[in-house]
Structures are given as C-alpha cells and as structure tokens.
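2 protein chains.
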Amino acid sequence: MKKVVVQVKILGDGVLTPEDLPQLLGRVSEVISDGGVEAVVVSGRLPVWAFCALTHHFHPRPLVATFEPRIGKGVCIASHTPEVSVGDLIPVDDAEIVDIEYLPLHLQ
Amino acid sequence: MKKVVVQVKILGDGVLTPEDLPQLLGRVSEVISDGGVEAVVVSGRLPVWAFCALTHHFHPRPLVATFEPRIGKGVCIASHTPEVSVGDLIPVDDAEIVDIEYLPLHLQ
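Those protein sequence lines, which keep their order, are chains U and D. Note that this note's numbering gives residue 120 to position 83 of the first sequence, counting from 1, and the numbers run on in steps of one. Note that this note's numbering gives residue 57 to position 20 of the second sequence, counting from 1, and the numbers run on in steps of one.
Rather than coming from a laboratory, the hints here were simulated on the basis of the structure. In this text, all values refer to a predicted model and were calculated from it rather than measured experimentally. Heads up, a few of these hints could be off.
Stated by the list, open to error - Partner residues are not named here, just some residues of chain D that face chain U (Cβ under 10 angstroms, in silico):
hint: 1; residue: 59
hint: 2; residue: 90
hint: 3; residue: 108
Unchecked claim - A few chain D residues facing chain U, derived, Cβ under 7 angstroms:
hint: 4; residue: 52
hint: 5; residue: 55
hint: 6; residue: 86
hint: 7; residue: 88
hint: 8; residue: 89
hint: 9; residue: 114
hint: 10; residue: 116
hint: 11; residue: 117
In this text, a Cβ means the ideal position worked out from N, Cα and C, and glycines have one as well.
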C-alpha cells in the first residue's frame with residue numbers, strides 16, 4: 038500500500054490552542070484529501086488533541102498511523118486493511134511526504 | 038449531554054508499547070461500550086498513538102474529546118453534535134468517571 042506522511046509544522050512560536058483546530062483541519066484539507074487509497078501517517082510536534090483530531094479527520098483512509106520518533110516508524114491506530122492491525126509498525130522510508138505549515142490564530 | 042471521562046491508567050512502570058494496543062482496546066471494551074449517548078473524554082498519561090487509537094475507538098459516540106490537564110477541560114476532537122464543534126472546550130466537573138487499569142504486556 039502506498040503511504041503518505043503528513044508532516045504538520047506549526048509556524049511562529051509553535052504554540053497551538055484548541056481554537057486553532059477548525060482552521061488547522063481546513064488547512065490540511067486544502068493540501069490533502071481526507072479520503073484516498075494511500076495510508077496516512079500523521080507527524081508533527083503537536084498537542085495530543087491535535088493528533089487525535091487529525092487522525093479522526095483521516096478516518097476514511099484505509100490505514101491511519103501516527104509517526105513515533107522514538108521508533109522511527111508509524112504506529113497504526115486505525116485500519117480497514119485486513120493485513121494491518123492496530124498497533125502494527127508502519128515503515129515510512131518509502132512514503133511520500135506532504136508538508137503542511139500552519140500559522141496559529143494568535144499570530145495571524 | 039451526559040459525559041463520561043474514561044481515565045486510563047497504565048500499571049507497573051507505566052510504559053506502553055505499540056503491541057499493547059489491541060489488548061488495551063479490548064480491556065476498554067470490557068468496561069465501556071464504544072457507542073452510546075454520552076460524550077466520551079479520554080484521559081491518561083499515554084503515548085500519542087494510544088490516545089489516537091482510543092479516540093478512534095469511540096468514534097460512534099456523539100462527541101469525543103481528550104482531557105487537557107493544562108486547561109482542566111476536554112478538547113473536542115470529533116463531534117456528531119450540531120452544538121459542539123472540534124476545538125470546543127468540554128467541562129468535566131459534571132462528568133461520570135470510568136477508571137480503566139491496564140498492565141502492559143511486558144509485565145504480564
């Protein structure tokens with residue numbers, strides 16, 4: 038299965054607040070579709086709630102993972118793919134990279 | 038809307054590995070249904086991928102949030118409820134508490 042690493046970078050001071058979430062998800066939607074045949078691995082220095090909102094956003098995808106820097110791989114958190122289960126490690130060496138930059142509301 | 042705070046505590050050294058995820062989700066399912074009319078706020082000292090797997094697990098719920106200790110409230114990460122949006126803060130003072138304890142695989 039093809040994979041896309043969605044790398045989210047928060048610009049400025051890097052501080053995201055919950056009010057940023059709708060606009061952040063909107064920004065992500067401009068760059069990459071929530072649905073599609075590729076697996077999505079979400080990556081970034083983000084609060085837990087931003088990660089959870091992003092992985093939920095991509096739930097139409099066949100496989101959703103979060104990148105775990107300590108392992109250097111994705112960890113599958115949701116799968117509609119029989120051969121991959123929740124908790125499985127997802128190598129990303131062969132993945133396409135999609136960079137998304139977002140300026141927090143308090144700096145806009 | 039009624040709310041449930043699902044407090045997940047990792048026993049022993051508190052270290053969870055990705056291989057724990059299927060069993061952790063199974064343990065959660067024994068204690069509380071993934072669907073239901075109450076909002077769910079997931080809380081705990083957990084890796085990002087565990088939070089994401091847990092919030093995905095509860096996606097049939099009308100509202101899913103993660104508890105943000107710095108704010109003392111939940112942050113909505115997914116909503117099927119018209120009056121609540123992603124990013125909204127969810128007070129939990131009036132919520133039911135469900136405690137879930139899990140012993141990691143490497144200590145079983």
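Against the structure, the hints:
| no. | hint | in the structure |
| --- | --- | --- |
| 1 | 59 | 5 angstroms, holds |
| 2 | 90 | 4 angstroms, holds |
| 3 | 108 | 8 angstroms, holds |
| 4 | 52 | 11 angstroms, violated |
| 5 | 55 | 5 angstroms, holds |
| 6 | 86 | 4 angstroms, holds |
| 7 | 88 | 5 angstroms, holds |
| 8 | 89 | 4 angstroms, holds |
| 9 | 114 | 4 angstroms, holds |
| 10 | 116 | 10 angstroms, violated |
| 11 | 117 | 11 angstroms, violated |
In summary, the structure is inconsistent with hints 4, 10, 11 from the numbered list given earlier, while agreeing with the others.
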